[in-house]
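Same order as they appear, the protein sequences are chains A and B. For the first sequence, numbering that gives the first Met the number 0 gives the first residue as 0, with consecutive numbering after it. For the second sequence, numbering that gives the first Met the number 0 gives the first residue as 0, with consecutive numbering after it.
Think of the hints as simulated: they come from the structure by calculation, not from any bench. Be aware that a few hints might be false.
In silico negatives: residues of chain A with every beta carbon more than 10 Å from chain B [said to hold, decoys possible]:
| # | residue |
| --- | --- |
| 1 | 43 |
| 2 | 89 |
| 3 | 231 |
| 4 | 367 |
| 5 | 399 |
| 6 | 525 |
In silico lysine to aspartate or glutamate, EDC-like type, Cα no more than 20 Å apart, as pairs [said to hold, decoys possible]:
| # | chain 1 | residue 1 | chain 2 | residue 2 |
| --- | --- | --- | --- | --- |
| 7 | B | 160 | A | 234 |
| 8 | A | 106 | B | 47 |
| 9 | B | 160 | A | 257 |
| 10 | A | 518 | A | 265 |
| 11 | A | 106 | B | 95 |
| 12 | A | 69 | A | 517 |
For each residue, glycine too, the CB sits at the ideal point set by N, CA and C.
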Amino acid sequence: MMLCLVLSAAAAAQAPAQGGTFRYALTTNPRGMFNPILYTEAYDGLIIDVVFDGLIYIDEQLQPQPRLAKGWEISDDGLSITFYLHEGVKFHDGVEVTAHDVEYTYKTMLHPEYTGVRYGNFRLLVGAEEYHEGLRDDVPGIEVIDDYTIKFTTTEPYAPLLTQFGYGILPRHLLEDIPVGELERADFNRHPIGSGPFKFVEFLTDQHVILEANDDYFLGRPNIDTLVFQRVALDALPIYIRQGRVDYAEISPDNYAEVSGIPGVDLYVYEELSYNYICFNLRQPRFADPIVRQAITYGFDRETYVEILREGFGIVANAPIPLASWAYTNEGINEYPYNPELAAQMLADAGWKPGPDGVLEKDDMRLEFEFLVPEGSRVQEQMALLFQQNMEDIGIKVNLVFMEFSAAVDRVDAREFDTFTMGWSLAVDPDPYGIWHSTSPWNDPGFYNERSDQLIEMGRRETDPEKRKEIYAEWQRLINYELPTMFLSYGVTIAAVNERVQGIDTEPGPLGPLVGLEKLRTIWIAD
Amino acid sequence: MWRYIVRRVVLQGIPVLLGFTFLLYLVITIAPGSPVTHLRGVPNIDEETIARREAQLGLNDSFLVQYIKWLGRVLRGDLGLSFDSSRRPVAELIMERMPATILLSVSSIVLAWLIGIPVGILSARYQYSALDYAVTFFAFVGISIPSFFFGLLLLYVFALKLNVLPAGGFFLAGEPRTFMGYVQYLLLPSITLGLSDIAGIARYMRASLLEVLGHDFLRTARAKGLSENVVVYKHALRNALLPILTLMGFTIPFIFSGAVIVENIFAWPGLGSLAIQAVSERNYPVIMGINLMFAVLIFLGNLIADISYAIADPRIRYE
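Kindly produce the complete structure, drawing on both the sequences and the hints.
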């Protein structure tokens with residue numbers, strides 16, 4: 000009883016203050032495409048996240064949670080999802096959000112003239128492909144049952160589908176008269192109207208975006224009055240943080256030391272859903288044997304890369320599902336600790352012998368290759384030098400090729416590379432199909448493995464999360480043995496938050512202290 | 000004079016602009032990388048979507064067809080639509096950033112002239128004095144120091160250590176836009192952008208004035224008993240200013256291209272970040288639009304310099 004009293008007293012003392020302005024620093028200008036189904040840049044996505052509501056949102060555990068939908072039901076065969084909407088939720092212009100708005104939003108992404116990039120996420124809906132090809136006018140896979148109920152049906156079970164329902168719902172009454180092909184030029188995209196916790200006020204190019212609290216938000220008005228996304232020069236960001244001109248900023252590891260000394264500012268380091276890697280071109284016979292790939296991995300000092308070059312901001316990676324994901328496993332995962340003797344021994348056992356110039360050779364193959372490195376990141380350039388040096392120690396000659404990013408992507412797409420380094424940012428759902436299935440255009444290493452394809456396909460169809468996790472665990476062990484790419488590190492993000500901001504997640508998961516931007520509704524500004 | 004201007008524009012300006020845009024379009028289309036490269040990072044995107052996007056953007060046409068289509072639109076006054084997701088008209092993207100770039104460029108030019116000319120004059124007037132040596136020293140530093148480094152230096156000193164000026168950017172949301180506010184935000188970027196011009200103009204002014212001061216007519220003036228001040232400021236200065244006017248024509252292009260870099264350091268809301276972003280994304284219409292506009296401005300700048308030359312020197316006539 001005493002304890003209860005004490006707790007409630009403490010809670011009362013921390014009652015959220017109302018009002019104030021929260022400033023979120025942006026180092027890149029948004030494009031001004033504030034339309035949830037048409038944007039492609041993450042910065043536009045930030046504004047969209049607070050102006051619009053999706054059927055679901057993703058919580059700090061990366062699990063879908065109800066938002067505009069108060070709940071959903073997945074059929075026993077795993078083919079359909081029925082969403083039940085909250086009643087009485089209003090768009091910022093006062094019109095109610097109904098299942099027809101949901102239908103409009105999703106059907107537009109399937110339309111033949113749709114100019115955005117999200118069609119692929121929903122092509123499995125029944126009738127989507129014929130509708131997209133212009134062969135029919137309706138999509139049986141999207142069915143409005145009544146004003147507050149909508150059912151989506153797929154042609155085959157597709158486990159990642161649920162997490163795709165976070166796209167903001169568009170107001171049909173404002174957009175339905177605009178031909179879908181011209182939607183990308185609609186004025187709406189610059190003056191968005193959604194149903195979210197904040198109303199759009201102003202976007203000044205290269206300066207700021209201003210939003211104000213939605214007094215009528217169905218989950219309660221946000222505590223802060225004004226939300227500002229403030230454009231800040233990258234070089235000046237630490238100064239802005241120090242002077243309290245911004246309350247929240249993501250900073251790079253280079254700035255960590257400088258920002259960590261600032262009184263009144265807390266730093267949070269959290270794992271993100273990303274990793275970087277060195278890709279082998281498996282189309283070349285010399286990389287075909289997994290022993291060669293494993294030996295190269297043993298021969299590269301990735302601990303030094305993460306601990307020294309990245310100054311500890313990262314985690315050595317050994318498989319393509321990051322620590323931050325629920326599907327991550329380390330059971331049965333070989334960590335390939337740095338061991339140049341073992342690497343050299345493995346290559347010798349596999350029949351590789353030093354040629355006249357000391358470079359390993361076998362039959363007519365030779366372990367001298369190009370390593371393509373996109374320019375612009377000092378850490379990656381240093382990594383390349385370390386790799387070159389480590390490889391030299393085990394008899395492998397690496398020729399570094401530094402290249403501007405777009406040009407490097409060109410070479411990768413044309414498959415004109417021996418090895419290269421890049422990174423992936425991943426979606427919330429761990430489905431690896433898009434990057435790893437043998438039919439995927441982004442399968443850069445050219446990895447083909449029947450069992451891997453089978454597991455990927457099983458993982459997509461399995462709707463029981465526990466079984467799905469097991470499938471992905473087996474798949475990670477397979478990739479960890481095969482190493483079509485050498486995994487370097489899982490990424491981390493550093494967020495600097497002014498102490499006057501209260502109510503954030505102080506032990507942040509992969510979505511950070513604001514849980515995406517979810518917490519903006521409930522944070523408050525202390526005096 | 001009018002005949003000269005018309006001839007300059009028709010016979011020189013138009014062919015130069017045509018050749019320039021042709022070469023530029025050629026270079027940006029043959030450069031590796033594609034305008035749809037950045038879509039690759041979007042999860043679940045398929046090849047078909049990318050192919051569709053390429054078709055929408057007209058990337059399947061050959062270089063020549065693309066260029067002719069672009070030129071045709073430009074002649075009708077349309078710079079096309081940006082390739083990025085917002086698909087906004089390039090003219091709009093440029094126009095909304097233009098005022099900030101012009102404000103910064105003009106203020107740095109004004110600053111350069113207001114400081115550079117008097118400093119150059121004093122430096123010549125008191126040749127080989129301590130002042131002259133100091134000016135010469137700082138002028139060389141000013142010409143040699145890269146603007147990105149100087150900009151960071153100013154940020155460090157004035158924004159971080161002394162905390163008297165804002166660390167770049169433009170008005171914070173909600174901040175009142177007063178005249179003093181503009182001055183505060185403009186000061187550091189203008190000095191950064193103008194520094195090498197201040198130094199250059201001071202050096203030119205000094206050299207030009209010294210040369211004129213050695214002429215016979217000034218010895219005559221001195222012999223007539225005119226005071227040194229009258230000799231220098233009345234008789235010598237007007238003649239010495241002449242070559243400086245040509246310098247103005249030359250500096251305008253450097254000011255604009257310098258602005259691109261300085262704007263990025265200071266998050267100045269001008270064309271700089273748009274230009275750099277457009278290049279890294281291979282946003283052809285935006286790259287073309289910005290460069291075409293700069294080319295026109297530079298051409299006009301040179302024309303104005305030539306005309307002012309004629310005004311300053313009665314002997315120069317263009318026919």
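Verification of the hints:
no.: 1; hint: 43; in the structure: violated, 7 Å
no.: 2; hint: 89; in the structure: holds, 26 Å
no.: 3; hint: 231; in the structure: violated, 6 Å
no.: 4; hint: 367; in the structure: holds, 24 Å
no.: 5; hint: 399; in the structure: holds, 18 Å
no.: 6; hint: 525; in the structure: holds, 20 Å
no.: 7; hint: 160/B x 234/A; in the structure: holds, 15 Å
no.: 8; hint: 106/A x 47/B; in the structure: holds, 18 Å
no.: 9; hint: 160/B x 257/A; in the structure: holds, 14 Å
no.: 10; hint: 518/A x 265/A; in the structure: holds, 17 Å
no.: 11; hint: 106/A x 95/B; in the structure: violated, 34 Å
no.: 12; hint: 69/A x 517/A; in the structure: holds, 17 Å
Hints 1, 3 and 11 from the list above are not met by this structure, while the remaining hints are.
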